[in-house]
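Going down the list, the protein sequences come from chains W and Z.
Mapping to UniProt numbering: the first sequence position 138 is 138, numbers consecutive.
Mapping to UniProt numbering: the second sequence position 274 is 274, numbers consecutive.
The reader is advised that the hints may include incorrect statements.
Capping the alpha-carbon separation at 30 Å, the derived lysine-lysine pairs in DSSO-like fashion look like this [said to hold, decoys possible]:
hint, chain 1, residue 1, chain 2, residue 2
1, Z, K221, W, K46
2, Z, K280, W, K4
3, W, K46, Z, K203
4, W, K4, W, K238
5, W, K74, W, K205
6, Z, K203, W, K201
7, W, K3, W, K128
8, Z, K114, W, K238
9, W, K253, W, K4
10, W, K205, Z, K203
11, Z, K76, W, K82
12, Z, K76, W, K3
Negatives, chain Z to chain W, calculated, CB over 10 Å [claimed, not checked]:
hint, residue
13, P58
14, S143
15, I205
The set of hints was computed from the structure by calculation and includes no laboratory data.
Built from N, CA and C at the ideal position, the CB exists for glycine as well.
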Amino acid sequence: MSKKFVEEFKVVENIALNSSNFLIKLLSKKALPQIAPGQFVNVEVKNSKEIFLRRPFSVFEVDYTQNTMSLIVKILGRGSKKLTEAEDGDTINIVYPLGKSFSYPEKEDKVLLIGGGSGVAPMLFLAKESGLVKENVDILLGARSKEDHIDVSDYAKYGNLHYTTEDGSLGEKGFVTHHSIFEQINNYNKIYACGPDAMMKAVAKIAKKEGVFCEVSLENLMACGFGVCLCCIEPTQKGNLCICTEGPVFNIKELKW
Amino acid sequence: MVNLKVKIDDLDLKNPVMTASGTSGFAEELTDFYDVGQLGGLLLKGTTLKNRDGNAYPRMAETASGMLNAVGLQNKGIDYFIENIYPRIKDYNTPLIVNVNGSTVEEYIAVTEKVNELDKIPAIELNISCPNVKEGGMSFGISCPSAEAVTREVRRVYDKTLIVKLSPNVTDITEIAKAVEGQGADSVSLVNTFLGMAIDSEKRIPLLSTVTGGLSGPAIKPIALRMVWQVYNAVKIPVIGMGGIMNAADAIEFMLAGATAVQVGTAIFKDPFIPVQIIKGIEEYLERHKILSVSELVGCLQM
Numbered sequence: 001m002s003k004k005f006v007e008e009f010k011v012v013e014n015i016a017l018n019s020s021n022f023l024i025k026l027l028s029k030k031a032l033p034q035i036a037p038g039q040f041v042n043v044e045v046k047n048s049k050e051i052f053l054r055r056p057f058s059v060f061e062v063d064y065t066q067n068t069m070s071l072i073v074k075i076l077g078r079g080s081k082k083l084t085e086a087e088d089g090d091t092i093n094i095v096y097p098l099g100k101s102f103s104y105p106e107k108e109d110k111v112l113l114i115g116g117g118s119g120v121a122p123m124l125f126l127a128k129e130s131g132l133v134k135e136n137v138d139i140l141l142g143a144r145s146k147e148d149h150i151d152v153s154d155y156a157k158y159g160n161l162h163y164t165t166e167d168g169s170l171g172e173k174g175f176v177t178h179h180s181i182f183e184q185i186n187n188y189n190k191i192y193a194c195g196p197d198a199m200m201k202a203v204a205k206i207a208k209k210e211g212v213f214c215e216v217s218l219e220n221l222m223a224c225g226f227g228v229c230l231c232c233i234e235p236t237q238k239g240n241l242c243i244c245t246e247g248p249v250f251n252i253k254e255l256k257w
Numbered sequence: 001m002v003n004l005k006v007k008i009d010d011l012d013l014k015n016p017v018m019t020a021s022g023t024s025g026f027a028e029e030l031t032d033f034y035d036v037g038q039l040g041g042l043l044l045k046g047t048t049l050k051n052r053d054g055n056a057y058p059r060m061a062e063t064a065s066g067m068l069n070a071v072g073l074q075n076k077g078i079d080y081f082i083e084n085i086y087p088r089i090k091d092y093n094t095p096l097i098v099n100v101n102g103s104t105v106e107e108y109i110a111v112t113e114k115v116n117e118l119d120k121i122p123a124i125e126l127n128i129s130c131p132n133v134k135e136g137g138m139s140f141g142i143s144c145p146s147a148e149a150v151t152r153e154v155r156r157v158y159d160k161t162l163i164v165k166l167s168p169n170v171t172d173i174t175e176i177a178k179a180v181e182g183q184g185a186d187s188v189s190l191v192n193t194f195l196g197m198a199i200d201s202e203k204r205i206p207l208l209s210t211v212t213g214g215l216s217g218p219a220i221k222p223i224a225l226r227m228v229w230q231v232y233n234a235v236k237i238p239v240i241g242m243g244g245i246m247n248a249a250d251a252i253e254f255m256l257a258g259a260t261a262v263q264v265g266t267a268i269f270k271d272p273f274i275p276v277q278i279i280k281g282i283e284e285y286l287e288r289h290k291i292l293s294v295s296e297l298v299g300c301l302q303m
């Protein structure tokens, strides 16, 4: 158990990254607690008669010197759409930091980070925070087409960026698991992935077969985000576990995939 | 200084605000946010004799001003609770109440007997109203003979405060309330969730794995409030009210309708601090209206 907070953050930036993803930078009035890659926040959608529950988002970036936290918000439905309409100066109520983070790689590890869609957020956060040298980190990002990719060129300093698109408009054509990186997947000690279920399952299948350590960040419908409602379960080797407290990061060995 | 203390049978509560079962786990999760000793009481997660995995995913659907759930009493069983959870939580500075569930009368009795051995559990809430389990659960709470039978048998083995949680999914809730009062219930808590359903019209599928589930949240408040008022006027034992309470005004409405204490449930999912904000709000209300004791509000609806 670790200390959690409910706090009003001020929106200091809301930038459209592409047609469906927005980067929302939030300012805290007080010093932020330590937030680790893979942890998430549960965001209230204000002034909506239709939306009752909060919406969970991975943390993309934290700047402890400025007390800011950034989220990548992908429009998935009415709740996330309303959040992307936030304007500078608005306040957003957030429950945080929630869930377990990715395990940090060892200094000598060769790491592959795989992000699909808005799943890039925790991957880039991990790349930045891992403390590894760029040569040991490959970041593979997948999307439907070039337009769906988010510009993450700033992260080239933390790892080697690779892309796939289903239509071939950027990087190699196909799904992330079709990328040529997978031809020598045994080169990696650790694989971390976040994105659509089908993508993570395909990655997990290969990692399992090759015996490579692999952690994935799951997403599920949740009400509370801190383990009391028991709605966001994932069947695991230990029975049904809550994604919000036992995850969202799981080692694939724990899952029934 | 106003007096927030209330009494439910032998149970002394420092204030009338408790958390509803199934919405605050086994209380530990809330301690990540604040000291739960501030609360009037904690209704622990529904507990059965044996481990239950609960229902398949998806177990939750958001609805207008509320949500549906179909968790299905996922818990590790009473023995696991006693060995692993109880030692960690027993010294919280607020009454801990175990929500007892079963598929048969014998199971209710077995769980109750085990809870009876625990010094720091001053009361149980007999859940005869869970709509999300196939066997037992709500079926006990929707007919007078079965509600009477399970209450009577549990009363025989339990001498501390016995609260019976009632289902709203009945024609006349006062009949059930009177039936359990007649068998020795010390209090009734109401209401559990309303049976409902939600559909994805695009995919033409139900949104819950179980098709139907329990509706909670502000959407049910007026109906729950009506039932509390009806039951208050039908029984002599204290009524504990719940159903969509989101703020102090909601809680006060329930007390005016006849609730001696309230349970806050789904609101916790939205903000875990809501129960403590409600306590503060009730205090402010009493000061503003120059009322010395919160118990003066109970059933004081002016007609």
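Please verify whether K280(Z) and K4(W) have alpha carbons no more than 30 Å apart. Since the Cα atoms of K280(Z) and K4(W) sit roughly 21 Å apart, the hinted pair holds (cutoff 30 Å).
Would you mind confirming whether the straight-line C-alpha gap from K3(W) to K128(W) stays at or under 30 Å? 24 Å, holds
Taking 30 Å as the top limit, are the C-alpha atoms of K205(W) and K203(Z) close enough? 28 Å, holds
Going by Cβ atoms, does P58(Z) stay more than 10 Å from chain W at every point? 6 Å, violated
Taking 30 Å as the top limit, are the C-alpha atoms of K114(Z) and K238(W) close enough? 25 Å, holds
Once the closest CB in chain W is found, is it more than 10 Å from S143(Z)? Consistent with the label, S143(Z) stays out of reach of chain W, its closest Cβ about 28 Å off (over 10 Å).
Compare the distance between the alpha carbons of K76(Z) and K82(W) with 30 Å, and conclude whether the hinted pair is satisfied. Outside the cut-off at roughly 39 Å; violated.
Is the hinted pair K221(Z) and K46(W) satisfied, with a Cα-Cα distance of at most 30 Å? At roughly 20 Å apart (the allowed maximum being 30 Å), K46(W) and K221(Z) satisfy the hint.
Holds or violated: are the alpha carbons of K4(W) and K238(W) at most 30 Å from each other? 26 Å, holds
Restraint status (C-alpha distance of K253(W) to K4(W) at most 30 Å): 28 Å, holds
Restraint check for K46(W) with K203(Z), where alpha carbons must lie at most 30 Å apart: It holds: about 28 Å lies between the C-alpha atoms, which stays within 30 Å.
Pair hint outcome, K203(Z) versus K201(W) [Cα-Cα no greater than 30 Å]: Holds: K203(Z) and K201(W) sit about 23 Å apart, inside 30 Å.
Of the hints listed earlier, those the structure fails to meet are numbers 11 and 13, in rising order.
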